[in-house]
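Trainee: Those protein sequence lines, which keep their order, are chains B and E. Residues in the first sequence are numbered consecutively from 1, following the numbering used here. Residues in the second sequence are numbered consecutively from 558, following the numbering used here.
In short, the hints are calculated from the structure, not lab data. Being a predicted model, the structure only gives us computed values, none of them experimental. Even glycine gets a Cβ: it sits at the ideal position worked out from N, Cα and C. Hints may be right or wrong, so weigh each one.
List time: in silico DSS-like cross-link candidates among lysine-lysine, alpha-carbon distance up to 25 Å [claimed, not checked]:
id, chain 1, residue 1, chain 2, residue 2
1, E, Lys798, B, Lys539
2, E, Lys573, B, Lys45
3, E, Lys602, B, Lys16
4, E, Lys1056, E, Lys1030
5, B, Lys446, B, Lys433
6, B, Lys499, B, Lys539
7, E, Lys602, E, Lys573
8, B, Lys241, E, Lys1095
9, B, Lys241, E, Lys1096
10, B, Lys538, E, Lys798
Listing some non-contacts, in silico: residues in chain E with all C-beta distances to chain B over 12 Å [as the list claims (entries may be wrong)]:
id, residue
11, Gly583
12, Asn714
13, Val782
14, Arg928
15, Gln952
16, Gln973
17, Phe992
There are 2 protein chains.
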Amino acid sequence: MSDIQIAQENEAHEIKPITAIAEQIGLETAELEQYGPYKAKVNFKAIQRLNQQADGQLVLVTSINPTPAGEGKSTVTVGLGDALRQLDKSAVIALREPSLGPVMGMKGGATGGGYAQVVPMEDINLHFTGDMHALTSAVNTLAALIDNHIQQGNVLNIDPRRIIWKRALDINDRALRQVVIGLGGPVQGMPRQDGFDITVASELMAILCLATDITDLKARISRIVIGYNFDRQPVTVADLKVTGAIAMLLKDALKPNLVQTLEHTPALVHGGPFANIAHGCNSILATQTALKLGDIAITEAGFGADLGAEKFLDIKVPQLGKTPDAIVIVATIRALKYNGGVALTDLTTENLGALETGFSNLAKHIANMQRYGVPVVVAVNEFTSDTEAEINLLQELCEQKGVKAVETSVWANGGQGGLALAHEVLAALDQPKDFQPLYDAQADIKTKLNTIVTEIYGGREVVFEGKAINQLKQIEKNGWGQLPVCIAKTQYSLSDNPKALGAPTDFTVHVRELIPKLGAGFIVAMTGAVLTMPGLPKKPAALNMDVTADGQISGLF
Amino acid sequence: MSDIQIAQENEAHEIKPITAIAEQIGLETAELEQYGPYKAKVNFKAIQRLNQQADGQLVLVTSINPTPAGEGKSTVTVGLGDALRQLDKSAVIALREPSLGPVMGMKGGATGGGYAQVVPMEDINLHFTGDMHALTSAVNTLAALIDNHIQQGNVLNIDPRRIIWKRALDINDRALRQVVIGLGGPVQGMPRQDGFDITVASELMAILCLATDITDLKARISRIVIGYNFDRQPVTVADLKVTGAIAMLLKDALKPNLVQTLEHTPALVHGGPFANIAHGCNSILATQTALKLGDIAITEAGFGADLGAEKFLDIKVPQLGKTPDAIVIVATIRALKYNGGVALTDLTTENLGALETGFSNLAKHIANMQRYGVPVVVAVNEFTSDTEAEINLLQELCEQKGVKAVETSVWANGGQGGLALAHEVLAALDQPKDFQPLYDAQADIKTKLNTIVTEIYGGREVVFEGKAINQLKQIEKNGWGQLPVCIAKTQYSLSDNPKALGAPTDFTVHVRELIPKLGAGFIVAMTGAVLTMPGLPKKPAALNMDVTADGQISGLF
Chain B
1 MSDIQIAQEN EAHEIKPITA IAEQIGLETA ELEQYGPYKA KVNFKAIQRL NQQADGQLVL
61 VTSINPTPAG EGKSTVTVGL GDALRQLDKS AVIALREPSL GPVMGMKGGA TGGGYAQVVP
121 MEDINLHFTG DMHALTSAVN TLAALIDNHI QQGNVLNIDP RRIIWKRALD INDRALRQVV
181 IGLGGPVQGM PRQDGFDITV ASELMAILCL ATDITDLKAR ISRIVIGYNF DRQPVTVADL
241 KVTGAIAMLL KDALKPNLVQ TLEHTPALVH GGPFANIAHG CNSILATQTA LKLGDIAITE
301 AGFGADLGAE KFLDIKVPQL GKTPDAIVIV ATIRALKYNG GVALTDLTTE NLGALETGFS
361 NLAKHIANMQ RYGVPVVVAV NEFTSDTEAE INLLQELCEQ KGVKAVETSV WANGGQGGLA
421 LAHEVLAALD QPKDFQPLYD AQADIKTKLN TIVTEIYGGR EVVFEGKAIN QLKQIEKNGW
481 GQLPVCIAKT QYSLSDNPKA LGAPTDFTVH VRELIPKLGA GFIVAMTGAV LTMPGLPKKP
541 AALNMDVTAD GQISGLF
Chain E
558 MSDIQIAQEN EAHEIKPITA IAEQIGLETA ELEQYGPYKA KVNFKAIQRL NQQADGQLVL
618 VTSINPTPAG EGKSTVTVGL GDALRQLDKS AVIALREPSL GPVMGMKGGA TGGGYAQVVP
678 MEDINLHFTG DMHALTSAVN TLAALIDNHI QQGNVLNIDP RRIIWKRALD INDRALRQVV
738 IGLGGPVQGM PRQDGFDITV ASELMAILCL ATDITDLKAR ISRIVIGYNF DRQPVTVADL
798 KVTGAIAMLL KDALKPNLVQ TLEHTPALVH GGPFANIAHG CNSILATQTA LKLGDIAITE
858 AGFGADLGAE KFLDIKVPQL GKTPDAIVIV ATIRALKYNG GVALTDLTTE NLGALETGFS
918 NLAKHIANMQ RYGVPVVVAV NEFTSDTEAE INLLQELCEQ KGVKAVETSV WANGGQGGLA
978 LAHEVLAALD QPKDFQPLYD AQADIKTKLN TIVTEIYGGR EVVFEGKAIN QLKQIEKNGW
1038 GQLPVCIAKT QYSLSDNPKA LGAPTDFTVH VRELIPKLGA GFIVAMTGAV LTMPGLPKKP
1098 AALNMDVTAD GQISGLF
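Next comes chain B alone, as it looks inside the complex:
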């Protein structure tokens, strides 16, 4: 059965009213804003009340670099939550919400899989509670206000060649990466080069995920640098006097969404930046709410630990004010063999040599996470082709690195399949920890980038290309030289070359552009060929989708 079939079969019989899910974690119905019977936003009154409560423990789920063989990080996150619930622990999950672009393309959803899913999966993967749409509206409203300002006299003296605020759609649309707008003569605006990002790459998504309340949201929006004037001075949203309008469009989107797993574990699904082109973590408000509502909050960060976890630990943690108590790294035997050079079609054959070679990728991520001073557990997401010898070898290899590797079968068995992992995570939560940030918050941008590249990616150094060199000067001149950095990099490799599997060494990472995100509070460093607007594949998933006369969806994945 496909994920959507499992979800639909179980949703019909098992899904509980969201008010019942809320009640079991002490949320009153008056603290919810319901979107149909199975989805709700947690309102600001609830969040204020919860702020008085103590935090639970925090588990971060991350993974090796993704491969076409599949890892299943969201699935393990969901299954771990369900398993902890089966052990009578008060576990609450915090996930990112999916983006429509990849859903229509080929990625599949971000709601887990099999018997470890959050539901209603169709709603969550499509419009959900409208957060992505509110963001898209806000991004493009701001863009329209910028171009209108120029058209109406340009009092702020904005240089149309130096606008860095891009439009956005929650769609994979390569044709919008580079566009020329404002054509058609004087009444149709000022012609200029522009481009669209996918919504999840927009600074407003990062802001939504980092803001702690509406006041903070507004302060962050006001600081957004939309571009530069003809004197090369930054122009902000505050200068345009539209902070209130943009914040107004996001006031509801800022509230975390509550849903449930197939086993009724509460899940806060909120905010969805990709970790390859953005900061990759669900919202501070969702994670905080999970920490207040549960004794154990389980959250994930996007793609591999080089991207999502690094950004979680270096960008999100300082804002969250809470460090993780344990880190789970998800891997599969298949994916490690792929990292060891085995072709996709040969992954079902036992291959201990390839497994050991490919283990280098997992080993590097283990070392990286250990470096932060947090106990690490490896979750081996089971495939039927895994052999006992392979599993034994992987457990041995992990043991040598000082971590336990635990098999899970949550896709097939739900929480039951994650009990061993849950026990190991509970043991990790009891271990001593001493969180160590990767870099000094006051270090300059180049130092921070070099630290990430050498310590986390395992490379030799970072190299700035021409444009980025000039941008770095401008950034330092503007006094932004001490901000954290958010690297946009391929998810497929520890390096900036998607084809370099395993644990490459002695490579350089090329920074071709630096984009200041003053509202988010970091500088984005664009590396390699990473694109902030994906394209659709030759046969988009959209070709298989349908809806019946009574509204039943098929072909989502």
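Using the hints provided, position chain E relative to the given structure of chain B.
Mentor: Same frame as chain B, now just chain E:
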């Protein structure tokens, strides 16, 4: 007090749970999909059940050509519903839902005003239940799939110069009217000229408003002509094989939204094409649902009766299968004096001469509506500056045309201020009627256009410009020559010249472009300088908007 202040004050004290509103018209809670406590979608099960019931009577509210002096058509529609409820009539309102573009620009909302509003007005005017966002997603997903098809080999042989499917945003953004996309080299798509419409102008909005169920929605989507191949043959969504994906994105948006007025009259607010650039009527499903749920359904059509009402009567009525039982034309003394040549600043001064001159506009709309064989009532939306002499004169002038003109003060007094109007409407509903369509459904496009221009607008004839002449040939060749026509024209005049007030005669209307909308089932004729993507004004309303720390919105209007 501003509209938003009145709404907020009353919402806090008076608004009822939407389940209670539903109950009073016989809708069960299980037939609703709630979006927070005060908004709900009516599900398809309810619509199927209601289809077995008899229709109530239908009142269409329209108006004179809009002026900067203000008319208040939505306000009167809401107030009339409230007044009928006060007279113990089972009245249900059906309105269009607002578009964010004009909200951010200058139009204000479409939720009525003063004490005649639908609430929660902030939600309805912003993201509401996400219908506009679902449409925007669907429009742009289809566009991305078209460009991706070309990029991935173009099996359908689509001519990039002849794509007529435009992208859309629910934003006033003139810089996106004419753009070039796909720049940056072979991996970034095929460069071509393109443009964005405002979402409400998109054919998908028209389809959403005309579809009777998901099956019809899919059939209409499959028929959309997205452009032509190199052999000049039309290419449809069915050819692209993405009907299911696009319909899937709209499955929830298709369900009508139920809200309430400040006086708890049920209101179905659903679908929102503008009448100047699109067909201007709320959805068939909303109007049908109102007809089933109430003994009297009150609905409005956009802008003046030359646009909204004509399209209601000639495009929507044949699909709805129900003709109106009475038509209310909204006018104000101020707006008629403006039509009579008085400057905006002098409208508070009594001026009987100007009123009589400006009455020509109302007189033409009265005659037009009478032509359809439906009883007509004029609602005079009261302003404090109206003098008794002016009111008496207007009533006399209307009497000469065979219609009653009734003063209403619903902005200030809610339903109480609309009781006289309600009595007059009830009298009209008792009159005999004999609905006469404007044109023969089998007539050709030029004949239909000429009929509208001469009979409704009062002009001499329609003139096709070069491009439109060729397009007409193509349309006839493709067998679409008998479709209804939807004219895009300025709302400010009966002619295609926005400055020609009153009732101009002997003018020609220039058709510069014909756009086939096979899914909607009509041909759009673009006239004059009408734009399908509005721009923002020098001081956009967005500059005044704000949201407080606890989520209270201000400055909406």
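Trainee: Against this structure, judge whether each hint is valid.
Mentor: Taking the hints in turn, this is what the structure says about them:
1. Lys798(E) with Lys539(B): Distance of about 11 Å is within 25 Å: holds.
2. Lys573(E) with Lys45(B): Holds, at about 21 Å.
3. Lys602(E) with Lys16(B): Given that 25 Å is the threshold and the Cα spacing comes to 21 Å, the pair holds.
4. Lys1056(E) with Lys1030(E): violated, 32 Å
5. Lys446(B) with Lys433(B): With a Cα-Cα distance of about 29 Å, the restraint between Lys446(B) and Lys433(B) is violated, given a limit of 25 Å.
6. Lys499(B) with Lys539(B): With Cα atoms ~23 Å apart, Lys499(B) and Lys539(B) stay inside 25 Å; holds.
7. Lys602(E) with Lys573(E): Holds: Lys602(E) and Lys573(E) sit about 24 Å apart, inside 25 Å.
8. Lys241(B) with Lys1095(E): Distance ~13 Å between Lys241(B) and Lys1095(E) Cα, so the pair holds.
9. Lys241(B) with Lys1096(E): This hinted pair holds, its Cα atoms lying about 11 Å apart.
10. Lys538(B) with Lys798(E): Answer holds: Lys538(B) to Lys798(E) is near 13 Å, not above 25 Å.
11. Gly583: Given a closest Cβ separation of 21 Å, the condition holds.
12. Asn714: Holds, because the least Cβ-Cβ distance between Asn714(E) and chain B comes to about 17 Å, which exceeds 12 Å.
13. Val782: holds, 19 Å
14. Arg928: holds, 37 Å
15. Gln952: holds, 43 Å
16. Gln973: holds, 33 Å
17. Phe992: Its Cβ never comes within 12 Å of chain B, the nearest being 31 Å, so this holds.
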